[in-house]
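K.L.:
Sequence:
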Amino acid sequence: MLINPMLSDADGKLPYYIQLYNYFKKEILGGTLPADTRLPSIRSLAGQLNISATPVELAYQQLVSEGFIASRPRSGYSVQPMHALSGADAAAEPEERHRQPPAQALPAITPRDPQQYPYDFHISKNDFSLFPHKVWRSLFQEQLHNPDLLQYGDPQGEPALRGSIAAHLRQFRGLRCTPEQVVIGGDQHLLCSLLCHILPGGARRLAIEDPGYHLLPSAFRRNGYEIIPVPLEEDGLDVEKLRSSRTSAVYISPSHQFPCGMIMPIAKRHALLDWAVSTGGYIIEDDYDGEFRYHGRPVPSLQGLTEHSPVIYMGSFAQSVAPALCIHYMVLPEKLLPAYRSLAKELYLEHSASRLNQIALHYFLERGHFARHLRRMRLLYQKKHDSLLQAIQLHFGEQAAVRGQGAGFHLLLRLNSCGNARLLADSAAAAGIRVTPASYTWWEQREPDPPEFILGFGAIPEDTISEGIRLLAELWLTE
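One point on numbering: in my numbering, the residue at position 158 of the sequence shown is 158, and numbering is uninterrupted.
Be careful, since some hints might not be right.
Said to hold, decoys possible - DMTMM-like, lysine to aspartate or glutamate: derived pairs with alpha carbons at most 25 Å apart:
{"#": "1", "residue 1": "Lys-384", "residue 2": "Glu-291"}
{"#": "2", "residue 1": "Lys-25", "residue 2": "Asp-9"}
{"#": "3", "residue 1": "Lys-26", "residue 2": "Glu-57"}
{"#": "4", "residue 1": "Lys-125", "residue 2": "Asp-210"}
{"#": "5", "residue 1": "Lys-384", "residue 2": "Asp-463"}
No lab work stands behind these hints: they were computed from the structure.
Please construct the entire structure, taking both the sequences and the accompanying hints into account.
P.N.:
Below, the structure written as structure tokens:
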């Protein structure tokens, strides 16, 4: 059988041994060189191609290591039996397959709009103008000298940080918890996925606020939970509708409901706790912005209202410090700790948040840097919040109404006229103003009439807020 690989010096891209490897691989996979075919000796093929023996030897060694050929004493090299692959490109060289366009291009993963807007009222952006770069750099560099942090960490999170988080939550959010109840994760969806495996009961049904935050409930749905939307009343979730929902857990944001902004009163909180106790259910409390209240003290958490609370408290440092830290946490009820530890042992869970970031954050909390930073950020966002309210009053006047103000990083703007919210948002984007229709927060999609929008003030500079609202009013009120 003629074996005559053609070597090329064109472009000098591929060394000879790679060209030889690709040639034999293609011929073997394509059936041109069937099983048991004897290949030329290294010296013979090198002489035939007028090259040194080294490229041939390297090519043969690679083919042997991948199982395409075998080397037998005194018999030389021969082709191994192959199991035929289906598909027209099975025998194609790697670089050829890479050049072939896919039959159908996969959609790009673009969860966040990369476009830059002169007036960006997006709800998921932060202001880093006051970020303590010097302090954080110093804390981080301290940890680089600790070789132990390069090892695997506690899957539940660094004990030091869990202690700092528990102390902070007890002091500032009114929680009743110990470090043993804190579970740290690099992603909120990961924490929710863990919850799906440790929540008891056969009824995998999760009640959610409608309208409300979709991303975390979506993690439950991906894990086999049925999502049951429960409507809101003026003071929060309709507890009577919850009682009839036959759900085993409910996901809520009682201290500043997203997106409507209401604060759940104490009577309704007690009713919610009563539902959990009477049904054996659990309450998942999302306190994403509970520390940012601008007039009056932050509202204490639901979790801290009772001993042995049936509340799973979810928190994060994404808004208060930076999302790039990827440090989120949940506080589990004591009754769920055995199930969590059993799961961690069964799956050999590993830490999902950077150990370096965790320890740096621990000292950031312990040495008082976080409390100082939080006070500065609260003042910064309060100024933006107040500027946004003033600008809406000035430029929209009686032609729009505001709700959800007073806390967090957004408010709701409702026009006192009819219109399509999506089209209005698109026209604003074309003018360089990004806003979000509130309709996307409805689980059961419907278009509110009149149109309503979520205006975030987290990242937009304070000195551009008024001009952005002026342009928005000019655009919408003259259409």
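K.L.:
Flag every earlier hint the structure violates by its number, smallest first.
P.N.:
none
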